[in-house]
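Going by UniProt numbering, the first residue of the sequence shown is number 1, and it counts up by one from there.
These aren't lab readings, by the way, just hints derived from the structure by calculation.
Some hints here could point you the wrong way.
Derived lysine to aspartate or glutamate pairs resembling EDC-like cross-links, with alpha carbons at most 16 Å apart [to be verified]:
#1 K11 with D183
#2 K11 with E114
#3 K11 with D119
#4 K122 with D3
#5 K70 with D3
#6 K132 with D159
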Amino acid sequence: MTDNQKWLSRKFLLYKLLTNLWFLGAVWLYFYRIYITDAQVGILDGVAFAIGLIAEVPSGVLADKFGRDKMVRLGQFLAGSGLIIQAFGHGLAQFMLGQATMMIGVSFVSGADEALFFDQIKFKQTSPEWRKLLTRGSQIALIGTTSATIFGGWLHNIDPRIPWVLTGLSLIGSVILIWPIKDTRVKKDKHKAISELAEHLASIKAGFAEFFSNKISLYVPIIITVQGLFYAAGWGLLRLVLMDRFHFSPFIGSVVIASSSLITVAILGYMHKHAESLSEKQVLTLISVLAASSLLLSIANIGWWGYFVILALYVGEHVLVPFMSEVLNYRTDESQRATVLSVASFLRTLPYVALAPIIGSLNTQNKLEYFLIIWALFIVIALVLYLGLNKKRDVKVSLAKDKLEPEERVPEFNQ
1 MTDNQKWLSR KFLLYKLLTN LWFLGAVWLY FYRIYITDAQ VGILDGVAFA IGLIAEVPSG
61 VLADKFGRDK MVRLGQFLAG SGLIIQAFGH GLAQFMLGQA TMMIGVSFVS GADEALFFDQ
121 IKFKQTSPEW RKLLTRGSQI ALIGTTSATI FGGWLHNIDP RIPWVLTGLS LIGSVILIWP
181 IKDTRVKKDK HKAISELAEH LASIKAGFAE FFSNKISLYV PIIITVQGLF YAAGWGLLRL
241 VLMDRFHFSP FIGSVVIASS SLITVAILGY MHKHAESLSE KQVLTLISVL AASSLLLSIA
301 NIGWWGYFVI LALYVGEHVL VPFMSEVLNY RTDESQRATV LSVASFLRTL PYVALAPIIG
361 SLNTQNKLEY FLIIWALFIV IALVLYLGLN KKRDVKVSLA KDKLEPEERV PEFNQ
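Please put together the full structure from these sequences, using the hints given.
Take a look at the structure:
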């Protein structure tokens, strides 16, 4: 590597560390509960995530117009500021302002940060250095998240505002870290940016159309129900609501999440090692059954045995996202591949906009079991539809190999 590549690599690793120090990961709901009800938390999350989804659409065009460096700096500053606004909030209005600010910032950063580093670091196309750097970055991010989650649980007992402030300052600190990195691409003029936005919207429409085709439509129910559940648990309030239901304190909850993260890494390592023996139908069926069973098990008063529910949801989320991504890759034309993956991400995120206020309201009324039973039923129906539509021979999906013979991977579908 050149000196500049080494410098950028160090910047990238430090950036991954700072942007993954989520001290509030296991305690944010407990802070909200000091001032607002779970029903209000649900409304807060639903509105904020809806704003984030809307902001996601023009973010790529804005990055092309004004430069990725400026958008990443602005995004991380807004995200950090949004958290600090909430840290000193005392009611729903202040939390709404802070959460909306944070989600807009996250949308601006989404994908633009890695693209900025990738464009500037300029590794040779045949070199594995970028892949190695991403892998190391993921390891550092995991260490940062795990450590910050545990430390944040302890800090919450001292002052519940501290985890919010530290997380916000970490994100703002990343702005200072990457300030010297400039986007050297030629900026697009105003008319070209507007034209690209129109093309982007047309591409999204075409991407949605792909999900009505025979080769992808069978996965839509799984994406909406199973991945939608995992998103509600991983990014929404469901996981913390369940941990409270299992009587975990904020600190114990942070340990639960951290240990689940480490176990997930080990499971992913096992899957990578035995990738060629994995079957699409078996994996999707197992994860779907595990998700539905976890919801039904949560109805009972199982106390600390609920750890296995949290673990199952955590593992399921992190296993299914890359697995489903590869499944869709092999069933999509190259010209539509990126758009289809974006639409799939949108579909798994969208349910939470509606589920957030429902989960919050039901939990406030001590009626969360209604959601647990109904969503478990939806997952079972989605699984039955998937198995019914996928009657052809099974598929072996590799999480390790880049290329396999098409006839070994993709089943035939009646057109």
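Outcome of the hint check:
no., hint, result
1, K11 with D183, "holds (15 Å)"
2, K11 with E114, "holds (12 Å)"
3, K11 with D119, "holds (14 Å)"
4, K122 with D3, "holds (12 Å)"
5, K70 with D3, "violated (24 Å)"
6, K132 with D159, "violated (39 Å)"
This entry does not satisfy hints 5, 6, going by the numbered hints stated previously.
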